[in-house]
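Hey, can you work out the whole structure from these sequences and the hints?
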Amino acid sequence: MIKVEGLTKRYARNVAVDNISFEIEKGQVVGFLGPNGAGKTTTMRILTCFMPPTAGTASIAGFDVQQNPMEVKKRIGYLPETPPLYPDMEVVEYLDFVGRIKGIPAADLAKRINEVSEKCAVGDVRTKLIGKLSKGYRQRVGLAQAILHNPDVLILDEPTSGLDPHQIIETRDLIKGLAGDHTIILSTHILPEVEQICEKVIIIAKGKVVATDSVENLTSRLRGSEQVAVEVIATDAAAVQLKLEQVAGVSRVMHKDTKDDRLHFTVESLEGRHIRPGIARAVIESGWNLNELHGMALSLEEIFLELTASAKPPEGAKPQQEAAIAQEAESK
Amino acid sequence: MNTITICRKELQSYFRSPIAYTVIALWALIGGFFFYFGLSFFVQRSMESSMMGQSMPMNINEWIVRPLLSNVNVVALFLIPMITMRLFAEEKRSGTIELLMTSPITDIEIVLGKWLAAVALYGIMLLVSLLHMAILFRYGQPDWKPLAVGYLGLLLQGGCLLAIGTFVSTCTNNQIVAGAIGFAISLLLFVLNWVSEFGSSITERVIGYFSVQSHFESFSKGLIDSKDLVFYATMIILGLFLTSRSLESVRWRA
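The listed protein sequences correspond, in order, to chains A and B. Under the working numbering, the first residue of the first sequence carries the number 2, and numbering increases by one thereafter. Under the working numbering, the first residue of the second sequence carries the number 7, and numbering increases by one thereafter.
Any given hint could turn out to be false.
Quick look at which bits of chain A chain B covers, simulated, 3 or more residues with Cβ under 8 Å [stated by the list, open to error]:
id	segment
1	101–115
2	179–188
Facing chain B, a subset of chain A residues (Cβ under 10 Å, in silico) [said to hold, decoys possible]:
id	residue
3	Glu-94
4	Gln-168
5	Ile-169
Hint data in this document are derived by calculation from the structure and do not stem from the laboratory. The beta-carbon is built from N, C-alpha and C at its ideal position, and this holds for glycine as well.
Okay, structure coming up:
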């Protein structure tokens with residue numbers, strides 16, 4: 002459905018997107034993951050025909066973004082990072098305007114607006130001025146605008162940024178609901194978001210594709226060795242550390258700090274071992290109180306370190322260690 | 007079709023915001039001032055001339071309509087940048103330009119739609135000033151033909167300055183900057199004929215030719231000269247062409 006080959010976008014001095022290639026099948030939900038400034042927005046803007054690439058090609062449903070922009074534009078729905086809304090319009094007026102410029106026949110327009118505003122849960126603010134809506138509602142109106150003409154491809158740039166947790170969940174559910182009918186690309190810098198919504202991940206950093214993989218593969222690859230934070234209420238730190246080290250599958254235990262009688266440890270597992278149940282049992286059976294036990298999420302930076310490290314096998318272990326040290330420093 | 011959609015949205019936006027009301031109110035106020043004093047002057051002079059025993063009635067077109075058109079033309083010069091400054095600057099600032107430029111419509115449709123909306127608002131202003139003319143028709147017998155030609159001239163010159171203002175608005179995402187530059191260019195274009203008044207070399211005459219005001223002159227006399235029509239049409243097309251090219255460059259620079 003989407004084919005990108007050797008895409009490059011160069012600005013006066015810096016390269017925003019550097020020779021990236023990927024392919025996306027029809028109906029897939031793909032996460033575009035990368036830190037700020039990685040080139041996510043630039044890539045999306047090229048795909049939506051907002052700006053031309055410096056080199057390379059991109060095509061959507063077989064139409065090239067430079068040769069056939071009109072055909073491409075008919076087939077995409079785009080939600081930029083800031084929803085493109087006119088504050089002095091009512092929601093219905095806005096959707097009517099968007100429907101017209103997207104080329105929806107006038108006869109179907111009212112019906113489409115009804116369907117979409119129900120799907121995006123903006124029915125109750127239909128006659129309100131967009132300028133008076135909350136951020137969550139604006140985001141939903143933005144989404145409604147993107148799916149209004151029932152496009153084959155949906156391109157969503159950071160659809161959950163700046164929303165409160167409740168709104169984030171709503172938006173994610175909404176996107177999941179759209180997944181069947183559309184091919185979706187969404188960009189984000191939040192890892193769990195990709196895990197929740199997407200089937201496939203394209204990770205980019207500094208304008209280059211670092212990894213393209215399914216979510217399962219990627220997470221298992223990254224979670225090869227798991228890090229777990231443990232908080233135990235006990236007095237004898239050394240005894241706890243010893244006990245934790247004896248749990249099956251544990252490779253390393255680090256005592257981080259002590260607050261009153263609450264002891265914090267970071268436990269690392271061997272490759273591919275699930276150690277959390279074992280830790281819980283060990284602590285409880287020794288008569289201590291288990292206060293907290295959770296897997297430590299890998300931050301994006303660590304993922305990049307890991308991914309770039311796996312590209313250079315001989316030095317594979319080193320950056321991983323650095324990452325662990327960095328994490329340790331961070332938590333202090 | 008898309009042009010009409012864009013035009014309708016822009017007009018709606020003018021009347022949703024205070025812009026349309028402000029511009030029309032200022033126009034009516036200042037235009038009314040000129041009309042009132044033009045009329046008072048005319049009444050005084052015609053009373054004087056009848057006391058002097060001159061039986062020929064003074065020509066209303068010559069004494070009221072023509073100076074009024076010239077004055078009103080200057081007022082338009084000040085208000086036109088206020089109409090055009092937001093057209094693209096606002097879309098660029100708020101990011102809605104991304105919606106327009108990723109929709110299946112052409113740049114030319116966007117440009118034409120926005121310019122037509124600005125012309126329509128300007129047309130509404132002209133309609134408001136027709137009220138003054140209605141008063142003249144109620145109490146006098148002005149000739150309607152030169153008056154209609156004068157209004158055509160106002161509309162053409164307005165269309166020309168609006169096209170240039172629209173172009174300026176694509177160059178920045180700051181409305182104030184767009185308004186200020188738009189005004190400066192309009193004013194310069196207005197007074198360029200001064201150049202040819204001080205000399206008559208080819209260069210000076212060519213520069214003077216670009217004055218929008220000198221081409222308005224014949225319209226205000228009630229004359230339609232094809233060379234003025236060509237001038238205004240060319241300037242409008244040039245302004246709109248520059249606008250669409252500038253809009254295209256937004257894609258390259260964004």
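Hints that the structure is at odds with (numbers, increasing):
2, 4, 5
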